[in-house]
Each structure stands twice: as C-alpha cells, then as structure tokens.
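Participant: Each chain, letter by letter, is given below.
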Amino acid sequence: MLELNAVDSGYGETQVLHGMTVTAQAGRVLAILGRNGAGKSTTLKTVMGLLPAKAGQITFEGRAIGSGRPYDIARMGLGYVPETRDIFRSLTVRENLELAAKRFPAPPGGWTMARVLELFPRLGERMANGGMQLSGGEQQMLAIARALLMNPRLLILDEPTEGLAPIIVKLIHDRLMDLKRTGLSMILVEQNFGFATSLADDVVIVSKGQVVWTGTPDEIRADAEAQHRWLGV
Amino acid sequence: MQADLGFWVLQGLNALQLSMLLFLLSVGLTVIFGLMHFVNLAHGSLYALGAYAAATAGAAIGFWGGLLVAPFAVAALGVVLYLVFIRRMRRAGPMAQVLVTFGLIFVMLDLTRIVWGAQALSAPVPALLDGRLTILGVEYPAYRLFVIALGLAIWGVLALVLGRTQIGAMIRAGVDNDSMAACMGIDVEKMFFLVFCVGCALAGLAGAVAAPLLSVTPDMGLQILIPTLIVIVIGGLGSLKGAIAGSLIYGVVQTFGAVLFPQFASILIYGLLAAVLILRPAGLFPAKG
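Line by line, the protein sequences are chains A and B. Under full-length UniProt numbering, the first sequence has 96 at position 96, and the numbering climbs by one with no breaks. Under full-length UniProt numbering, the second sequence has 131 at position 131, and the numbering climbs by one with no breaks.
Hints are supplied without guarantee of correctness; some may be wrong.
[Unchecked claim] Subject to a maximum C-alpha distance of 30 Å in a straight line, what follows is the list of computed DSSO-like cross-link-like pairs (lysine-lysine):
hint	chain 1	residue 1	chain 2	residue 2
1	B	Lys288	A	Lys102
2	A	Lys180	A	Lys102
3	A	Lys170	A	Lys180
4	B	Lys190	A	Lys54
5	B	Lys190	A	Lys102
6	B	Lys241	A	Lys102
Hints are computed from structural coordinates only; laboratory data are not their basis.
Using the sequences and the accompanying hints, generate a full structural model.
Facilitator: Following this line, the structure appears as structure tokens:
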C-alpha cells in the first residue's frame with residue numbers, strides 16, 4: 001500500500017534517513033520501532049511531505065508521492081497524527097473535527113462525526129472547549145478523531161502514547177485495536193514496546209536511518225538479542 | 001473644557017475614526033504575517049495607491065465609484081506583487097522579505113510621483129456626507145462618522161467570516177500551525193494568496209476612505225506604516241482581536257495624548273509599545289496563545 005524505496009531525507013543539511021526501504025501492507029498494522037533519533041518520525045514526516053525526500057521513491061497505492069506537497073498527500077488518503085498532536089489551539093474541539101468532517105465527506109460506512117464521538121465519548125463532552133484547554137489524553141483522542149474524519153485509507157500515528165498516563169495509554173490502545181478490527185491500514189511509530197507489538201501485524205526496527213530488522217511481533221518478542229541490540233530493551 | 005462631556009465625545013469620536021482607519025490597514029497585514037510569517041512592509045504603499053486610485057477614479061466617476069474601484073485596483077496590484085515577488089520569496093526568510101518589500105516602498109513612492117506628481121491631491125467629501133451630525137450634543141462631520149461605521153462594519157464581517165465559517169476556521173488553523181493544516185489537506189498557499197488579496201483590497205479601501213480626510217501625497221503610505229506596525233505589535237500577530245484592540249489603543253492614546261499631554265504626545269505611543277514588549281512580548285492577543 002505504501003512503499004518507501006531507498007529514501008534519503010533529513011532536516012536541512014542533516015541527513016537522517018539513509019536509503020530507507022519499507023513497505024506497509026493494506027489492511028495491516030506496521031509498527032516502526034527504534035531508539036530515539038533512529039529516523040522513525042523523520043520517515044513519517046517524509047511520507048507526509050513535511051520533509052523533502054532527497055533520493056529514492058515513495059509510492060502510495062502505486063502512485064508516486066515522493067516530492068508531493070502535504071495537502072496533496074493528505075488528499076490521496078493519508079491521515080497523520082503527529083507526535084506533538086498539533087491540535088489547532090485557537091479552534092474549538094468541534095471546529096478541529098469539522099475541519100476534517102466538512103471537507104472530507106464520509107463514504108458509505110466511513111467515519112462521521114457521530115461515529116468518532118462513539119469511539120471517543122469524552123470528546124463529545126468537550127466540543128465547545130478550545131483546543132488549548134484539553135489534557136494530553138484528550139488532545140491525543142482529538143488528533144486521532146480528526147485524522148479519522150478525513151476517512152484515510154492509511155492512518156499514520158507518531159508516538160500516540162508519549163507522555164500519557166497508563167490508564168489513557170490503555171484507552172488509546174483499545175481504541176486503536178477497534179480501528180484495527182475495522183481493517184484500517186495503519187503505521188505506528190512507538191517507543192512503548194508492549195503497546196506496539198500488541199497492535200502490530202508487522203514490525204520493522206530502524207537504526208541510523210535504515211531498516212535493520214523485519215519480522216512479526218512474535219518474532220521480535222522472542223528475539224532477545226535483537227531487542228537488546230536495536231531497542232536497548 | 002476637559003470636564004465637559006462634549007470634549008470627551010468629540011475626542012472619543014476622533015480616536016475611533018483614527019482607530020478604524022488603522023484597523024483596515026493592520027488587519028490584512030497581521031493575518032498575512034500570522035498565516036505565512038511574511039513581512040510585507042509595502043502594505044502602506046498599497047494604502048497610498050488606494051488613495052490615489054480613489055481620488056483619480058473619484059474625479060471621473062464620483063466618490064462612490066472611486067471607493068468601489070480602489071480596493072479592486074489595489075487587489076489587482078497585489079496579485080502582480082504576489083506573482084512577481086512574494087511567491088518566490090516565501091522561503092527567503094524575514095531579512096530578505098523586509099529588504100525587498102522595503103525596496104518596493106521606494107519603487108511605488110517614485111511611481112506615484114511620476115504618475116501623479118509630487119503635489120498633494122485633494123479628494124472631495126461626497127455631497128451625501130458633507131454635513132455634520134449632532135451626537136450627544138456634539139456636532140461631528142458626517143464623513144468621519146461614515147469612516148467609523150465602515151470600519152465597524154468591516155470588523156463585523158471579518159469576525160463573522162473568521163469565526164463562523166469553514167474558510168475562517170481554515171485560515172485560523174493555518175495561522176495556528178500551517179504544517180498541520182497542510183496535513184489535513186488544506187492548500188495553505190492558495191489560502192495565503194486569497195488572504196493576501198483581501199488584505200490588499202482592505203489597504204486600498206483604507207486609502208480610499210482616508211483620501212478626503214488627509215491630503216493625498218506619495219509618502220502617505222510611509223507615514224501610516226509605523227503606526228500600523230505599532231498596532232500589530234501591541235495587538236499581537238495574526239489575530240483579528242489583536243488588530244482591533246491594537247487599533248483602538250493606538251487611536252485613544254494618540255488622540256487623547258495629543259490634547260491632554262501635548263508635550264508628551266509624540267512619545268506616549270512608543271512608551272506604550274515598549275511597555276507591551278516588556279510585559280507581553282507577543283502582544284495582547286496573539287493568534288498563537
């Protein structure tokens with residue numbers, strides 16, 4: 001569904017990805033693991049067009065998105081939940097959601113306002129609140145709900161559990177599990193090993209801007225050496 | 001005299017009228033700045049061109065025709081500026097943007113001198129608004145009341161569009177975080193172009209309404225630029241609320257300062273600017289809270 005082939009990318013003069021090659025399959029959850037600074041978030045930002053791919057190809061459903069602009073890439077069907085959540089602070093919760101809902105009409109059986117509020121009832125109680133008045137967990141729910149309302153074919157999540165209390169991590173986990181059951185394709189970048197491996201179908205480990213390990217959650221759980229070597233677990 | 005209600009009403013209206021003129025100018029500039037971090041110092045020159053366009057068109061087709069023509073003429077010039085300079089300078093950084101748009105001020109200054117001459121042009125007040133109205137016992141020129149009403153009406157329309165419509169929410173989202181807005185499928189560059197054109201049109205409108213109040217001279221854009229920038233810095237970048245608050249503060253401080261403390265009038269507003277920069281460096285109502 002999404003393929004990166006020998007992609008180089010980075011921030012300005014600093015190259016972070018060195019020939020990143022990875023494939024996300026349709027209908028499956030791909031977890032990208034790795035230490036801080038390995039290039040996980042950079043990979044997602046490059047896919048979304050927020051960082052330029054200086055070499056290599058990126059294709060989504062067979063169409064090249066290598067040097068596309070973020071708004072074109074988003075309209076191709078990629079929903080992005082950034083590490084910093086990036087809730088629009090001067091918009092209310094309702095406006096944040098409507099920004100997606102009104103501009104990406106739901107296909108039959110797709111995500112509607114009612115359906116995302118069923119998934120995250122807490123947001124329903126906060127509709128009139130400003131984006132800056134939300135807790136970290138509520139911001140994460142809103143960021144996911146907002147991405148879903150774009151009715152993406154691929155949902156990209158960057159560290160969805162970062163900085164959240166264990167009870168909220170559990171809630172986010174259960175909701176992502178619900179999404180997985182609907183057959184939604186996802187890419188998940190995560191530091192939380194247990195969280196990531198329990199959701200994923202496929203796992204890749206990234207180090208120094210390249211994929212260094214590929215397998216399944218069971219395989220990485222059983223491979224203590226790879227865990228120690230690449231993740232420091 | 002200062003105990004007299006009439007004094008306060010009169011100066012209050014003067015302050016409001018100055019504020020509304022500054023509001024029309026600063027609102028476009030501040031949203032352009034907030035949305036795209038673009039510093040357009042030539043915004044004041046667009047105001048001057050609006051005044052010239054209105055005075056020239058007004059002489060041929062009357063005041064109301066001129067008032068209608070000026071915003072469109074200035075917006076059309078804005079399109080040219082956008083295509084020739086601004087689009088390719090989007091990633092050039094603030095210093096290059098300041099230098100180029102500062103240079104544009106002088107280009108436009110000389111162009112207006114070449115086309116219209118260095119002499120001041122006068123634009124008559126339209127017959128309909130030539131009289132005086134009595135408000136709370138004070139006689140006040142009808143035209144100045146019209147300027148106040150127009151400014152308030154534009155504020156109302158902008159508040160409605162920015163606060164209640166989808167395009168308004170998209171603009172606020174873009175000011176908040178343009179990368180994330182783009183990741184939600186919003187073409188931020190196209191939106192910027194639209195906002196830039198509306199901002200230019202409002203600058204042209206401000207020039208058109210100012211023409212009968214002030215004499216129309218080539219350097220009128222330069223004179224209004226500093227007050228406009230002060231309004232934006234006091235109000236806070238990128239927000240409508242900041243533009244209206246900054247304009248009202250400037251209008252009140254400048255007008256009442258000039259009559260109550262004439263010896264300090266010229267430095268009062270700079271003192272206030274310094275105080276705001278020390279206490280609230282982002283301004284009173286910045287878009288990015």
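Participant: Now, for every hint given, state plainly whether the structure supports it.
Facilitator: Hint by hint, here is what the structure shows:
no. : hint                : in the structure
1   : B:Lys288 - A:Lys102 : 24 Å, holds
2   : A:Lys180 - A:Lys102 : 24 Å, holds
3   : A:Lys170 - A:Lys180 : 15 Å, holds
4   : B:Lys190 - A:Lys54  : 25 Å, holds
5   : B:Lys190 - A:Lys102 : 19 Å, holds
6   : B:Lys241 - A:Lys102 : 26 Å, holds
Hint violations for this structure: none, all hints satisfied.
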